[in-house]
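K.L.:
Sequences are here, hints too, so could you generate the full structure?
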Amino acid sequence: PGSWHASLKRLLVELEGTAGAQIHILYVLTPSEWGFLAREEYDTEEKLLALHGAMDEGYTEGLLKTFKRLKEIARELALLGFKTKVVLIPGELDEVIADYCQKHKISLVVLSISRSSLSVFRVSKIVDILKAVEQPVLIAKG
Numbered sequence: 480p481g482s483w484h485a486s487l488k489r490l491l492v493e494l495e496g497t498a499g500a501q502i503h504i505l506y507v508l509t510p511s512e513w514g515f516l517a518r519e520e521y522d523t524e525e526k527l528l529a530l531h532g533a534m535d536e537g538y539t540e541g542l543l544k545t546f547k548r549l550k551e552i553a554r555e556l557a558l559l560g561f562k563t564k565v566v567l568i569p570g571e572l573d574e575v576i577a578d579y580c581q582k583h584k585i586s587l588v589v590l591s592i593s594r595s596s597l598s599v600f601r602v603s604k605i606v607d608i609l610k611a612v613e614q615p616v617l618i619a620k621g
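Residue 480 is where the sequence shown starts when you use my numbering, and the numbers rise one by one after that.
I should point out that these hints are in silico values taken from the structure, not numbers from a laboratory.
By construction, the Cβ of each residue, glycine as well, lies at the ideal position given by its N, Cα and C atoms.
Once the Cα atoms are required to be at most 25 angstroms apart in a straight line, the calculated DSS-like pairs of lysine-lysine come out as:
#	residue 1	residue 2
1	LYS620	LYS547
2	LYS526	LYS547
3	LYS544	LYS564
4	LYS564	LYS550
5	LYS564	LYS620
6	LYS582	LYS550
7	LYS544	LYS526
8	LYS562	LYS547
9	LYS564	LYS526
10	LYS584	LYS562
11	LYS604	LYS584
12	LYS620	LYS562
13	LYS562	LYS526
14	LYS620	LYS610
15	LYS604	LYS620
16	LYS584	LYS526
17	LYS604	LYS564
18	LYS604	LYS582
19	LYS550	LYS584
20	LYS584	LYS564
21	LYS562	LYS544
22	LYS584	LYS610
23	LYS550	LYS562
24	LYS562	LYS582
25	LYS550	LYS526
26	LYS582	LYS610
27	LYS582	LYS564
28	LYS526	LYS582
Pair ranges (Cβ atoms, derived):
#	residue 1	residue 2	range
29	ILE618	THR545	19 to 27 angstroms
30	ALA529	PRO615	31 to 39 angstroms
31	GLU571	HIS531	22 to 30 angstroms
32	GLU551	LYS526	13 to 21 angstroms
P.N.:
Spelled out as structure tokens, the structure:
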């Protein structure tokens with residue numbers, strides 16, 4: 480999250496027929512960021528707070544902070560008429576995104592990338608996502 484969400488909101492408003500659509504805001508917790516957690520959908524603060532026993536408290540607080548930032552973006556999108564769902568899921572980017580899209584019948588994947596996402600290592604992750612998902616993918620540079 481960051482300045483990209485303003486660009487995303489403009490894009491969604493401009494896309495005809497998107498008002499009333501459901502937007503899933505998915506944040507993937509890669510093992511290198513948060514350690515190894517069971518692949519579960521963390522979609523409430525209560526589920527994240529339950530991680531206090533499995534993770535360092537600082538990491539849990541970081542997850543809560545990220546979740547709250549994403550919920551704020553979701554509230555802004557709701558004001559524009561979109562239904563929203565925020566979820567954090569641990570795992571590998573390509574696997575989590577592909578599985579989530581299939582499970583929730585997602586019709587369009589929007590990947591937000593930053594300047595740092597364009598490093599050689601991260602570009603390969605983006606390519607892995609493109610290979611893994613069956614849905615059309617829109618890449619938005621924020």
